[in-house]
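Engineer: Sequence:
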Amino acid sequence: MTDAPVTVAIVDSGVSVPHPHLPGVAGGVAIDLAGKEQEDYADVLGHGTAVASAIHEKAPEAEIYAVKVFEKALATSVPTLVRAIDWASERGIRLVNLSLGTPNDFRADELAPAVERAIERGTVIVSALEHEGQAMYPGCLEGVVGVMLFWNHPRETVTSVALETGGSALVASGYPRPIPGVPPDRNLNGISFAVANATGVLAAALVGSPERRSAEDAIDALRGQEART
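Everything in the sequence shown is counted per my numbering, starting at 709 for the first residue and increasing by one.
Careful, some of the hints might be misleading.
What the hints assert, rightly or not - Taking CB as the label site, the calculated pair distances span:
| hint | residue 1 | residue 2 | range |
| --- | --- | --- | --- |
| 1 | Glu745 | Arg815 | 36 to 44 Å |
| 2 | Pro886 | Ala783 | 34 to 42 Å |
| 3 | Arg825 | Gly735 | 36 to 44 Å |
| 4 | Asp813 | Gly732 | 37 to 45 Å |
| 5 | Ser785 | Gln933 | 32 to 40 Å |
| 6 | Pro862 | Val890 | 16 to 24 Å |
| 7 | Glu924 | Glu745 | 14 to 22 Å |
| 8 | Glu850 | Ser785 | 17 to 25 Å |
| 9 | Glu840 | Ser785 | 21 to 29 Å |
| 10 | Gly889 | Arg829 | 25 to 33 Å |
No wet-lab data here; the hints were simulated from the structure. Even glycine gets a Cβ: it sits at the ideal position worked out from N, Cα and C.
Given the sequences, and given the hints that come with them, work out the whole structure.
Structural biologist: Structure representation (structure tokens):
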């Protein structure tokens with residue numbers, strides 16, 4: 709009997725497949741600014757496909773779902789983001805990759821209920837904890853796996869760290885999967901890909917552990933994998 713694949717929802721600009729670094733996805737949806745769901749989650753910006761490729765590199769057996777919230781620019785509304793999180797958690801998806809966020813703390817009250825619903829349903833959200841010294845939401849909300857960018861961190865791994873405020877976060881490289889002939893600093897990079905790298909490593913660590921359904925459970929699974937290696 710084989711372990712069930714870990715499911716990952718990528719809330720981003722969609723995914724275009726087939727792609728040299730991504731053979732396919734398990735499904736997906738596009739959610740527009742009015743909250744209307746559509747079937748076409750093709751990626752016209754390239755960001756979501758690059759994020760998905762980074763995750764697939766580290767967790768090739770993961771089932772990826774594209775949740776498209778960006779259309780012509782890397783911007784969306786909080787209600788659309790809330791609907792995207794709910795779409796994933798309603799389907800019992802294990803991990804939600806949010807390579808996005810807002811520094812506006814007044815948005816916390818709008819995002820927190822969706823985060824709480826995800827926690828209740830056993831869906832783990834992975835998102836940026838901070839960016840350039842600013843706290844980011846929903847990544848700094850309780851129950852979310854927050855990710856911090858460290859450029860010199862090995863791209864293949866992530867590291868769990870204790871926070872002074874309590875709890876844990878992950879530190880990851882901001883470089884995506886390499887493209888032959890393209891220097892790393894000329895490729896897409898940044899906190900979006902630190903989050904994607906963290907999600908991929910977590911997805912690999914959670915294989916065979918269907919009972920691990922919280923942020924701390926996911927980080928504990930990662931620590932267990934680190935101990936074995």
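Engineer: For each hint, tell me whether it holds in the structure or not.
Structural biologist: Hint check:
Glu745 and Arg815 have their C-beta atoms about 22 Å apart, which leaves the hinted 36 to 44 Å range violated. For Pro886 and Ala783, the hinted distance range of 34 to 42 Å is not satisfied, since their beta carbons lie about 28 Å from each other. Taking 36 to 44 Å as the suggested C-beta distance range, the pair Arg825 and Gly735 does not conform, at roughly 20 Å. Restraint check, Asp813 to Gly732: a C-beta distance of roughly 38 Å satisfies the suggested window 37 to 45 Å.
At about 37 Å, the CB distance of Ser785 to Gln933 agrees with the hint of 32 to 40 Å. Distance hint check for Pro862 and Val890: the Cβ-Cβ separation is about 20 Å, which falls inside the suggested range of 16 to 24 Å. In this structure, Glu924 and Glu745 break the distance hint of 14 to 22 Å, their C-beta atoms being roughly 32 Å apart. For Glu850 and Ser785, the hinted distance range of 17 to 25 Å is satisfied, since their beta carbons lie about 23 Å from each other.
Roughly 23 Å separates the CB atoms of Glu840 and Ser785, a value that falls within the hinted 21 to 29 Å. Between Gly889 and Arg829 the C-beta distance comes to about 43 Å, which lies outside the given range of 25 to 33 Å.
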